[in-house]
Amino acid sequence: MTGTVVNMATSLAAVTLGNPVLTASGCAAAGRELAPFLDPAHLGAVVTKSVMLRPRSGRATPRMAETPSGMLNSIGLQGPGIDAFLAHDLPWLAERGARAVVSIAGGSVGEFAEVAQRLVGAPGLALLEVNISCPNVASRGQVFACDPMAAADVVRAVKAVTTVPVFAKLSPDVTDIVAIARSCVDAGADGLSLINTLLGTVIDTDTLRPVLTGITGGLSGPAIRPVAVRCVWQVHAALPGVPILGMGGILTGLDALQFVLAGASAVSVGTAVFHDPSAPTRVLAELRAALAARGFPQLTDAIGLAHREPHR
Amino acid sequence: MVSTEPVGAYQLITLDAPAIASGAEPGQFVAVAVGGPETAMLLRRCFALYTADSATGRIQIVVAEHGPGTGWLVQVRPGSELDLVGPLGRPFTLPDTPGAAVLVAGGYGSAPMFDLARRLRAAGSAVQMVVGAGSAERLFGVDEARVVADSVVVTTDDGSVGVRGLVTDMLPGLLGSPGVSTVYACGPMAMLRAVAGLATSYDLPCQVAVEESMACGIGVCMTCVLPVVGADGRTRMVRSCVEGPVFEADRVRWKDVGTLPGDVVGADAMDLR
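Here the protein sequences line up with chains X and F, keeping their order.
In case it helps, numbering that gives the first Met the number 0 puts the first sequence at residues 0 to 311.
In case it helps, numbering that gives the first Met the number 0 puts the second sequence at residues 0 to 272.
Only chain X is shown next, with the shape it has when bound in the complex (with noise of 0.2 Å):
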């Protein structure tokens, strides 16, 4: 069946994309970057690096750590604020004919909203994915992703001032993801990003210290992607009409299947990036190749598949 045309459109709520791989927040910048290594039209789109409104300087270093199949990152949302992204960034993807999913951050709900509203009317915007999961902030305990209500909150102070599709960001560092996942779609989510890094510390056995200056960090990279799979799954068989973009670990195309047959509906690639700036791509290749091998004549055929009782 590796003959097989598979047709790679999906969607994102209201959103049709002509393929299913994203970029992933933080890990492509505004695309820009990536340029020399991919064209940014040919993905299904690219995820932007969080925004807030003022520029911000991010923590000092060390920022980073590797650690097994992974690493921890602990960067603080660097930025240079909405008004240069609305004025640099934005617009350089629109030019080039890519689609944009802008994520958004901020320290208030009024913060997210305000920035939301920046964004209405955007050039390329396509969807605004809310990371109300960043472990690197100041108020660790307050994540907003950690507190059905505090989700909601945000969730709601969005949508009621932006025009495009919103997807919630969620962390897998909480008890039942399930329950606030439950929770941004009652506010009006139109759809979920499963999952954000979950936190993390390495100690340096030689200074006898903390690598990284902010101390946790996010892990990222193959050593989470079972957890986000997991996630994917739980949140697919709660909520099955709730589009998914699924992400967490994907180095391959058939990394990629697995959260689509676990009820993703796209999937963004990240941290693979730093090892491969040509991931998304060859990704979006392997995942063609891997469905026709399967006999999928499309995708949206394989989203969810895995829950259904196998055909004997």
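Some hints could be false.
Simulated coverage check for chain X against chain F, where a stretch passes if three residues somewhere in it have a Cβ under 8 Å from a Cβ of chain F [stated by the list, open to error]:
(1) 54-62
(2) 73-81
(3) 109-116
(4) 272-278
Which residues of chain F face chain X? A partial, calculated answer using Cβ under 7 Å [claimed, not checked]:
(5) Ala-39
(6) Pro-187
(7) Met-188
(8) Ala-214
(9) Thr-258
(10) Leu-259
(11) Val-264
(12) Ala-266
Quick caveat, the hints were computed from the structure, so don't treat them as lab data.
Don't be surprised by glycine CBs; every beta carbon is placed ideally from N, CA and C.
Based on the hints, put chain F in the right spot on chain X.
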């Protein structure tokens, strides 16, 4: 990989990489994937180009083994394929008018300095090199320095070769000599900081190639930042992979590297309690 051989404490690796060799300039680097196809080490290791020859299509890097990634790399045998991205980063720039350049190198930080010396001399500048390391086996390229430079001073911390002491001990005499017009440096951050301070005190322009820990090497991950003063006088956390690794030394806030000074653009938004 064409060849791999130990040179003192280091491994000199020669690669067939015509696409990288053709456009590379001194100070640029390559990012090398380590561990093979099924590796659990996702982050590339970055190495300054020691040589890049467009005629032969070959490049060379100098590897210091200090962990599992470089440990794997020094074991790779000739004939094997390596996965490289490059050339990356901003190279050293030559002065507008020829003069006398002092090139300061610590350890295998000397790697990019030889091609730089050749280009400086081809453009009419005189070149003096100061090459230092902890001990004799941690020096790299002293013999070559004697070929590409007009004069060479060697230092070791333990006095096993050359003058006992630090490269920076030699600089007051050199930088104060008549005609010296520019300084270039590559090596550990503490050395660069000291060289930068001396260059400033002699009112000499100075370019440094920094060695910050990088995850991607291509400008997306934001891990290799350091506080650098921009043309507008404001300090930003700047990526050393794409805006460096070569910086004007007087733009880097050396004593603040590894910290977040309160006047950095966007530090006020961090709300660190």
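Here's how the hints hold up against the structure:
1. 54-62: Held - the region 54-62 of chain X has 9 residues with a Cβ nearer than 8 Å to chain F, which meets the minimum of three.
2. 73-81: holds (count 5)
3. 109-116: violated (count 0)
4. 272-278: holds (count 5)
5. Ala-39: This hint holds: Ala-39/F lies near chain X, its Cβ roughly 4 Å from the closest one there, short of 7 Å.
6. Pro-187: Violated, about 15 Å.
7. Met-188: violated, 11 Å
8. Ala-214: Holds: closest Cβ of chain X sits about 5 Å from Ala-214/F, inside 7 Å.
9. Thr-258: holds, 5 Å
10. Leu-259: Cβ of Leu-259/F sits 4 Å from chain X, so the hint holds.
11. Val-264: holds, 5 Å
12. Ala-266: Constraint on Ala-266/F satisfied, holds at 4 Å.
Of the hints listed earlier, those the structure fails to meet are numbers 3, 6, 7, in rising order.
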